[in-house]
Amino acid sequence: MEEKWEPTIIAFVCNWCTYAGADLAGTSRFKYAPNVRVIKTPCTGRIDPMFVLSALERGADGVIISGCHPNDCHYNEGNFNARRKYIMFRALLTQLGVDLDRVTFAWCSASEGIKFAGLVNEVTEKIKKMGPYTEFKQLNQDAR
Amino acid sequence: MAEIIINREKMTQLLHEIAGGETEVFAPVLKEEAAYITKISQDTPIHYDFFITVNSVKEAIFPRYEPILKYKIDQEGVKLEDIPPMKPIVLFGGHPCDAASLMLMEKLFGWDYNDHFYLDRRNKTIVITLACNEFDKDCFCTSLGYSPHGEIGSDILLESISKEAWKAKAVTDRGKAFLEKHTALFNATEKPDPAFKTIQDKDIPVGFDKDAVKPWIKENFESEEWKKITSKCWSCAACTYVCPTCHCFDITDDASMWSGIRTKNWDACTMPIFTLHASQHNPREAYYQRYRQRIAHKYSYYVDLFKVISCTGCGRCSRVCGAGMNILEILTRISNLAKKGGK
Amino acid sequence: MKEIIDKAKELLSQGTVDLVIGYEQCGDKQCRPLFVEKPEEADKLVFNEYCVHNLATYLTRPEVKKTKRVAIVAKGCDIRAIINLITENQSTREHVYIIGMNCPGVISGKAPNPTKHHAKCQYCKVRAPHISDVTLGPTPPESVPMDKTIIHQDVEELKNKTKEERWAFWKAQLSKCIRCYACRQACPMCYCNRCIVDLNTPQWIDTRSNLRGNLDWNIVRAYHLSGRCIDCGECERVCPANIPLMLLNRTLQEEVKEKFNFESGYDLEACPPLTVFEKDDHENFIR
Amino acid sequence: MSENIYKPYLMKVAEVRDETPDIKTLKLEFRDPAEAEKFSFKAGQFGLYSAFGAGESTFCIASSPTRKGYIECTFRVAGRVTSQLRDVNPGDTIGFRGPYGNTFPVEEKFTGKSITFVAGGIALPPVRCVIWNVLDMRNKFKDINIVYGAKTYQDLVYKDELQQWQDAKDINLIKTLDPGGDKAEYGCNNWDGKMGFVPTVLKESGINGKGGIAVLCGPPIMIKLSLPVLVELGFAKENIYTTLENKMKCGLGKCGRCNVGSFYVCKHGPVLTAADLETMPDEF
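Going down the list, the sequences are from chains A, B, C and D.
Per numbering that gives the first Met the number 0, the very first residue in the first sequence carries number 0; after that it's consecutive.
Per numbering that gives the first Met the number 0, the very first residue in the second sequence carries number 0; after that it's consecutive.
Per numbering that gives the first Met the number 0, the very first residue in the third sequence carries number 0; after that it's consecutive.
Per numbering that gives the first Met the number 0, the very first residue in the fourth sequence carries number 0; after that it's consecutive.
One or more hints might be untrue.
Below, in silico cross-link-like pairs of lysine to aspartate or glutamate (EDC-like), each with a Cα-Cα straight-line distance of 16 Å or less [stated by the list, open to error]: (1) K266/D - D303/B; (2) K136/B - D27/C; (3) K162/C - D141/A; (4) K227/B - E235/C; (5) K175/C - E32/B; (6) K43/C - D5/C; (7) K170/C - E56/A; (8) K162/B - D48/B; (9) K84/A - E62/C; (10) K226/B - E62/C; (11) K78/B - D91/D; (12) K78/B - D31/D; (13) K227/B - E36/C; (14) K217/B - D281/D; (15) K162/C - D98/A; (16) K69/B - E2/D; (17) K170/C - E134/A; (18) K266/D - D111/B; (19) K84/A - E253/C; (20) K217/B - E282/D; (21) K115/C - E32/B; (22) K231/B - E62/C; (23) K223/D - D169/D; (24) K30/B - E235/C; (25) K28/C - D135/B; (26) K119/C - D153/C; (27) K162/B - D119/B; (28) K175/C - E224/B; (29) K139/D - E106/D; (30) K231/B - E36/C; (31) K6/D - D48/B; (32) K6/D - D81/B; (33) K67/D - D31/D; (34) K84/A - E277/C; (35) K175/C - E56/A; (36) K37/C - E224/B; (37) K246/D - E31/B; (38) K168/B - E2/B.
Hints were generated in silico from the structure; no laboratory data involved.
Model the full structure from these sequences, guided by the hints.
Next comes the structure, spelled out in structure tokens:
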């Protein structure tokens with residue numbers, strides 16, 4: 000039986016809140032889909048849209064971006080700036096025809112292990128239904 | 000030998016037929032109200048009503064990027080893979096200035112080391128050139144000794160006898176063999192249309208004295224004139240990428256963990272990082288130094304190395320420039336300065 | 000335009016500026032930028048509907064920055080670019096003497112056969128320059144008022160298409176890009192001395208003109224102009240491949256207007272929208 | 000199928016030496032013995048070294064042509080390719096394309112003369128190749144002077160070979176550090192060389208340049224200051240050789256990068272005399 004396709008999800012998370020939240024999910028044994036690869040960044044403000052583009056091109060089927068709730072940011076304004084950046088980036092990706100359901104944004108604080116686990120499971124299910132994200136992968140093959 | 004006539008409808012049929020096979024076919028295609036030389040498939044509509052294509056035929060033989068090396072990486076080390084041999088090409092839609100540029104580029108790509116990517120592809124290419132029936136203020140091929148009906152570099156020259164048909168003339172043996180192979184399509188019955196007007200060499204004015212340019216450049220490397228000439232230049236690469244004789248390229252790698260490819264991509268001396276050293280020192284920091292290199296390389300250094308000016312006067316760089324730089328005007332200014340002994 | 004010539008000669012002879020950047024005629028339907036350093040060279044200065052170039056792009060040029068003071072012939076849209084450069088500390092109001100031109104609108108499309116008036120000119124709110132040291136030229140006709148947000152039919156048409164159609168449209172358009180960076184060099188707001196595409200540690204954007212590299216390049220260019228682009232249309236005009244680049248820029252202008260109620264280039268004190276934030280920014284997409 | 004001129008040899012990394020915290024030397028051997036046999040080069044030639052996946056970089060061949068079976072290259076870690084080359088271990092595979100460019104006329108013009116080598120900082124490798132070439136045929140030459148300087152003790156390249164040249168009787172080695180370069184923090188204890196910039200130390204060296212050959216290599220500023228000093232010491236302009244430094248990508252005269260005037264550094268250079276240097280536009 001051909002091995003069932005499993006989506007690859009990349010999660011760019013802020014080190015102070017969501018990464019700690021993911022740790023909490025682990026230590027409290029919340030089960031969440033193994034498809035996610037977590038990449039730690041100092042703050043959501045550091046998550047450059049180029050990261051999202053590179054992830055999609057290198058074969059990711061879905062991207063999660065998550066950080067501290069507004070007013071909780073360790074650097075005070077990282078998540079506010081990120082929010083504006085992604086309002087613009089989402090408008091640009093929509094106009095280009097990229098499917099925005101594949102890029103999910105969330106605020107997960109250090110205590111919301113459950114929310115993080117739920118978020119990952121929910122995104123994995125959604126991407127499984129949507130199937131592999133071939134458009135960007137096709138770009139990569141043509142480039143080689 | 001009877002006159003060989005072909006009309007547009009038969010030419011499209013011929014090109015589509017060839018495009019079906021192993022041979023790559025390049026022809027002018029209409030995109031956003033402008034004609035571009037592009038690789039066509041069996042159903043791409045070919046555009047004939049154009050004065051000159053925006054890009055040059057160089058794109059067929061010296062593509063924007065092409066792999067020069069493929070490799071696999073694993074524990075034992077690296078295994079190099081051979082690049083498949085170059086495919087034959089039929090190149091339709093260039094003018095005599097385009098065909099002549101192919102001969103100029105051969106000199107550099109054959110200098111001591113043979114760059115087989117260009118030379119093999121060039122030897123497998125049938126160049127079908129359209130003689131010019133009109134020109135504009137930016138054309139100056141006659142100033143460099145070329146002609147709107149020139150045969151240099153072409154395998155087959157098509158002289159228009161009416162709006163829809165051409166008289167084909169084989170310039171090289173390869174051209175002759177091609178015509179014989181496809182005689183079925185080269186037997187149209189259109190008669191020359193006396194009302195159809197075309198141009199002669201004398202119609203295109205000779206703008207400047209091409210032999211006066213090199214000596215002036217040699218003596219006036221530090222002249223303030225270069226700053227005045229290039230004050231409005233943006234230093235982008237539009238002029239170099241549409242120029243049929245600009246041949247500079249970059250070599251970059253693109254690899255994943257286990258396999259990779261090294262490619263030869265277009266590059267331009269007008270780009271600042273073209274000459275940027277790893278120590279951040281850049282010998283050509285200012286805009287005028289870079290545009291001076293572009294003119295000096297074509298009209299002075301290439302002449303020293305290969306005894307020929309690396310420009311065929313097609314005027315594409317002037318037409319595409321957003322800032323209004325005009326190479327004919329610059330060369331006329333230089334040759335006038337040279338005559339007056341100006342600095 | 001005799002007024003410009005006299006003003007340029009006056010400025011240069013009095014020494015208030017040591018460079019005047021204006022336009023000169025270079026064909027029956029064509030103008031181009033002209034650098035004037037001596038009063039006698041000013042006779043070639045003109046202003047008409049073919050003066051499309053945005054001369055503000057020269058203000059960030061090292062040679063121009065070195066001058067004591069520079070005068071620049073500027074239409075309303077060019078003045079918006081100058082204001083953006085000032086708010087982003089690339090120039091100072093004192094360094095630029097703005098010769099504001101009353102502008103009836105300029106042509107679009109490529110010389111030698113330019114077509115209709117530029118789309119941006121119908122709704123232009125600054126036909127009479129909003130900030131300038133001197134304003135020349137006859138009072139321009141009233142422009143069509145823009146009711147709610149900035150409406151551009153071509154952007155709306157694209158928005159109404161399906162996701163797949165849009166992706167196919169951009170794949171076809173961006174495969175034509177030859178990466179000559181004329182769009183970057185023509186744009187007044189693109190002044191970084193080492194652009195992200197020129198950095199190779201890491202190589203974010205593929206320098207080859209394959210579809211992956213072209214897509215990344217055009218995404219990053221449009222994204223880095225969000226909230227800064229003043230809709231002068233120069234990138235689209237100078238693109239040798241005729242790619243409709245303004246579609247991306249106008250989408251982001253509409254987004255900035257809708258979400259942050261901001262239009263760039265009108266207020267000398269305003270901060271570019273992506274350098275500031277509001278506590279209650281739009282947030283319905285974040286879980 | 001005609002030969003692909005961009006195809007590199009596959010080289011095994013035999014040895015990796017750290018010269019300074021950011022300068023490394025690699026000793027490379029050919030993976031394919033047949034290629035090793037056919038391969039030969041002359042002093043002064045360079046090559047393009049491939050770090051597969053990152054790209055290619057241009058360095059001179061630092062080992063002497065008289066030493067068969069291997070080549071060495073020394074480079075400073077400065078960018079994408081050199082960062083990947085820094086992490087290679089013995090046994091890894093990298094690529095090498097060359098030899099390119101012209102050579103020092105060791106047999107034709109140097110024999111029977113006294114030779115003065117002047118180098119600064121990271122520019123010692125191209126000169127060292129000629130030094131070892133000359134020392135392996137020591138009897139063909141009169142006296143040999145080596146003037147080498149670096150910013151600090153830590154930046155000295157080939158420290159062990161400097162020691163060999165210092166101990167050798169028939170070599171006059173003058174090593175120098177820029178002022179303040181001999182502090183303990185640079186790992187230097189009781190520095191026995193001179194203190195001062197290379198051009199000044201060269202002036203005080205009292206080397207008689209009449210009829211001698213000079214090989215000069217260093218950053219452009221050092222070349223600009225050392226050339227007049229060498230002329231003062233009596234060296235004729237046609238006898239002062241230097242290798243040029245320019246950005247290169249193909250090394251074969253095709254990519255147009257290293258073109259200055261009608262001179263292509265990768266084809267007509269990198270070795271040229273001070274007399275040639277003056278005929279070229281000042282675009283280095």
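Okay, the hints, checked on the actual structure:
no., hint, verdict
1, K266/D - D303/B, "holds (14 Å)"
2, K136/B - D27/C, "holds (11 Å)"
3, K162/C - D141/A, "violated (21 Å)"
4, K227/B - E235/C, "violated (27 Å)"
5, K175/C - E32/B, "holds (14 Å)"
6, K43/C - D5/C, "holds (11 Å)"
7, K170/C - E56/A, "holds (15 Å)"
8, K162/B - D48/B, "holds (9 Å)"
9, K84/A - E62/C, "violated (34 Å)"
10, K226/B - E62/C, "holds (10 Å)"
11, K78/B - D91/D, "holds (13 Å)"
12, K78/B - D31/D, "holds (12 Å)"
13, K227/B - E36/C, "holds (10 Å)"
14, K217/B - D281/D, "holds (12 Å)"
15, K162/C - D98/A, "holds (7 Å)"
16, K69/B - E2/D, "holds (15 Å)"
17, K170/C - E134/A, "holds (10 Å)"
18, K266/D - D111/B, "holds (9 Å)"
19, K84/A - E253/C, "holds (15 Å)"
20, K217/B - E282/D, "holds (14 Å)"
21, K115/C - E32/B, "holds (14 Å)"
22, K231/B - E62/C, "holds (11 Å)"
23, K223/D - D169/D, "violated (29 Å)"
24, K30/B - E235/C, "holds (14 Å)"
25, K28/C - D135/B, "holds (14 Å)"
26, K119/C - D153/C, "holds (12 Å)"
27, K162/B - D119/B, "violated (35 Å)"
28, K175/C - E224/B, "violated (36 Å)"
29, K139/D - E106/D, "holds (9 Å)"
30, K231/B - E36/C, "holds (13 Å)"
31, K6/D - D48/B, "violated (44 Å)"
32, K6/D - D81/B, "holds (9 Å)"
33, K67/D - D31/D, "holds (15 Å)"
34, K84/A - E277/C, "holds (13 Å)"
35, K175/C - E56/A, "violated (20 Å)"
36, K37/C - E224/B, "holds (15 Å)"
37, K246/D - E31/B, "violated (39 Å)"
38, K168/B - E2/B, "holds (9 Å)"
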